[in-house]
Amino acid sequence: MIEWIKQPWPWYVAGPLIGLTVPALLLIGNKRFGISSSLRHICAACFPANINYFKYDWKKEIWNLFFVGGIFLGGLIAAQLLANPQPIQVHPALVNELKGYGISDYSQLMPIEIFNWSSLLHLKGWLLMVLGGFMVGFGTRYAGGCTSGHSITGLSNLQWPSLVATICFMVGGFIMANLILPFILR
Amino acid sequence: MSKNIPDNDFEIRSLDATCINDSELVHPYWYNLKYLITGILFGIVFVKAEIISWFRIQEMFRLQSFHMYGIIGSAVVVGAISVFIIKKFKVKTIYGEDIQFEEKKFSIGHIYGGLLFGLGWAITGACPGPLFAQIGTGISVTIVTLVSAIAGTWVYGLVRNKIPH
Numbered sequence: 001m002i003e004w005i006k007q008p009w010p011w012y013v014a015g016p017l018i019g020l021t022v023p024a025l026l027l028i029g030n031k032r033f034g035i036s037s038s039l040r041h042i043c044a045a046c047f048p049a050n051i052n053y054f055k056y057d058w059k060k061e062i063w064n065l066f067f068v069g070g071i072f073l074g075g076l077i078a079a080q081l082l083a084n085p086q087p088i089q090v091h092p093a094l095v096n097e098l099k100g101y102g103i104s105d106y107s108q109l110m111p112i113e114i115f116n117w118s119s120l121l122h123l124k125g126w127l128l129m130v131l132g133g134f135m136v137g138f139g140t141r142y143a144g145g146c147t148s149g150h151s152i153t154g155l156s157n158l159q160w161p162s163l164v165a166t167i168c169f170m171v172g173g174f175i176m177a178n179l180i181l182p183f184i185l186r
Numbered sequence: 001m002s003k004n005i006p007d008n009d010f011e012i013r014s015l016d017a018t019c020i021n022d023s024e025l026v027h028p029y030w031y032n033l034k035y036l037i038t039g040i041l042f043g044i045v046f047v048k049a050e051i052i053s054w055f056r057i058q059e060m061f062r063l064q065s066f067h068m069y070g071i072i073g074s075a076v077v078v079g080a081i082s083v084f085i086i087k088k089f090k091v092k093t094i095y096g097e098d099i100q101f102e103e104k105k106f107s108i109g110h111i112y113g114g115l116l117f118g119l120g121w122a123i124t125g126a127c128p129g130p131l132f133a134q135i136g137t138g139i140s141v142t143i144v145t146l147v148s149a150i151a152g153t154w155v156y157g158l159v160r161n162k163i164p165h
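Read top to bottom, the protein sequences are chains A and B.
So the first sequence is residues 1 to 186, counted in my numbering.
So the second sequence is residues 1 to 165, counted in my numbering.
Worth flagging that the hints you see were computed from the coordinates, not collected in a lab.
The structure displayed is predicted, hence computed values, not measured ones.
Among these hints, one or two may not hold up.
[Unchecked claim] With a straight-line cut-off of 25 Å between C-alpha atoms, the simulated BS3-like cross-links for lysine-lysine are:
hint	chain 1	residue 1	chain 2	residue 2
1	B	K88	A	K59
2	B	K87	B	K105
3	A	K55	B	K88
4	A	K60	B	K88
5	A	K59	B	K92
6	B	K105	B	K90
7	A	K55	B	K105
8	B	K87	B	K34
9	B	K105	B	K88
10	A	K99	A	K59
11	B	K105	B	K162
12	B	K92	A	K60
13	B	K105	B	K34
14	B	K34	B	K90
15	B	K87	A	K6
[What the hints assert, rightly or not] Facing chain A, from chain B, some residues (calculated, C-beta under 8 Å):
hint	residue
16	D7
17	L36
18	I44
19	S65
20	I71
21	V76
22	F89
23	K90
24	I94
25	L119
26	T124
27	I135
28	T153
29	W154
Each residue gets a CB set at the ideal place from its N, CA and C atoms; glycine is no exception.
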């Protein structure tokens with residue numbers, strides 16, 4: 001049993017489990033599944049700076065911070081107790097492409113050759129982590145939600161603005177991964 | 001603290017937000033532990049299905065794998081069926097509260113912000129949820145990405161009134 005759990009889980013196990021998060025949060029407390037709002041609550045709690053957008057009672061939304069705290073712990077537990085000892089398996093074409101950028105370590109879920117502290121000193125690492133993170137934070141809030149709030153909760157409730165947002169997420173991702181990222185990694 | 005809360009608290013909290021707290025009930029803080037536990041289970045799925053992997057995100061955006069599409073697609077199907085059942089049978093929460101759904105209003109930000117997030121998603125290999133799980137798995141430098149995402153959210157709050165919606 002534990003051996004089976006340690007293997008990577010197929011999409012048809014993981015997807016339905018993620019889908020069930022929507023009714024689970026509604027049933028246990030009338031909460032709508034969405035994660036990027038946690039970043040806003042952190043701003044409201046720590047540095048509201050008299051900005052109107054952060055002047056609200058963040059304590060009413062503290063459940064969301066417990067939820068993301070749980071995600072952190074879940075990552076910790078999975079990595080410590082349930083980790084897959086094998087390197088991650090990806091498409092040979094991707095392996096080939098990444099080899100050209102000097103990425104060949106598949107032992108972690110992230111390419112640790114570029115995602116490490118010392119690479120922050122170089123433009124490449126700075127673009128990947130600092131600029132990338134900034135775009136995630138700014139973009140999700142501007143869009144009013146991220147993959148969870150729009151692509152899962154919004155689409156589950158058949159909201160067309162969420163469909164527009166999801167399509168834009170994908171378009172942005174396709175442009176970056178295929179047209180821009182190769183130049184950054186090179 | 002309470003005297004600083006404006007009268008239009010709910011309106012401000014609802015701005016550009018999907019997951020606002022609709023519950024009127026007030027509970028002791030330890031009731032929040034059930035969200036912690038839900039988050040833990042969710043985080044384990046994130047790691048075990050490799051959703052938080054930068055490599056898997058690259059595969060997705062190069063159409064080299066069905067994995068991520070299968071996950072998002074089946075999650076939406078399960079979520080939609082659940083929402084349908086909750087609406088149809090007017091299912092209540094475990095505390096007997098009505099569950100309400102809100103219609104989303106379209107804003108041009110869905111397009112601009114969506115594109116910007118998509119660009120960032122493909123670089124970092126993470127949406128906001130996986131960022132927390134990536135830190136948990138021990139890749140400590142993703143703390144920088146998270147702090148940067150918080151900074152991005154903060155700057156959005158700062159310029160919100162100056163950009164089109």
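Verification of the supplied hints:
no.	hint	verdict
1	B/K88 x A/K59	violated, 32 Å
2	B/K87 x B/K105	holds, 20 Å
3	A/K55 x B/K88	violated, 37 Å
4	A/K60 x B/K88	violated, 28 Å
5	A/K59 x B/K92	holds, 24 Å
6	B/K105 x B/K90	holds, 24 Å
7	A/K55 x B/K105	holds, 22 Å
8	B/K87 x B/K34	holds, 23 Å
9	B/K105 x B/K88	holds, 23 Å
10	A/K99 x A/K59	violated, 47 Å
11	B/K105 x B/K162	holds, 19 Å
12	B/K92 x A/K60	holds, 20 Å
13	B/K105 x B/K34	violated, 30 Å
14	B/K34 x B/K90	holds, 23 Å
15	B/K87 x A/K6	violated, 37 Å
16	D7	violated, 11 Å
17	L36	holds, 4 Å
18	I44	holds, 4 Å
19	S65	holds, 6 Å
20	I71	holds, 4 Å
21	V76	holds, 5 Å
22	F89	violated, 12 Å
23	K90	violated, 12 Å
24	I94	holds, 6 Å
25	L119	holds, 4 Å
26	T124	holds, 4 Å
27	I135	holds, 6 Å
28	T153	holds, 4 Å
29	W154	holds, 5 Å
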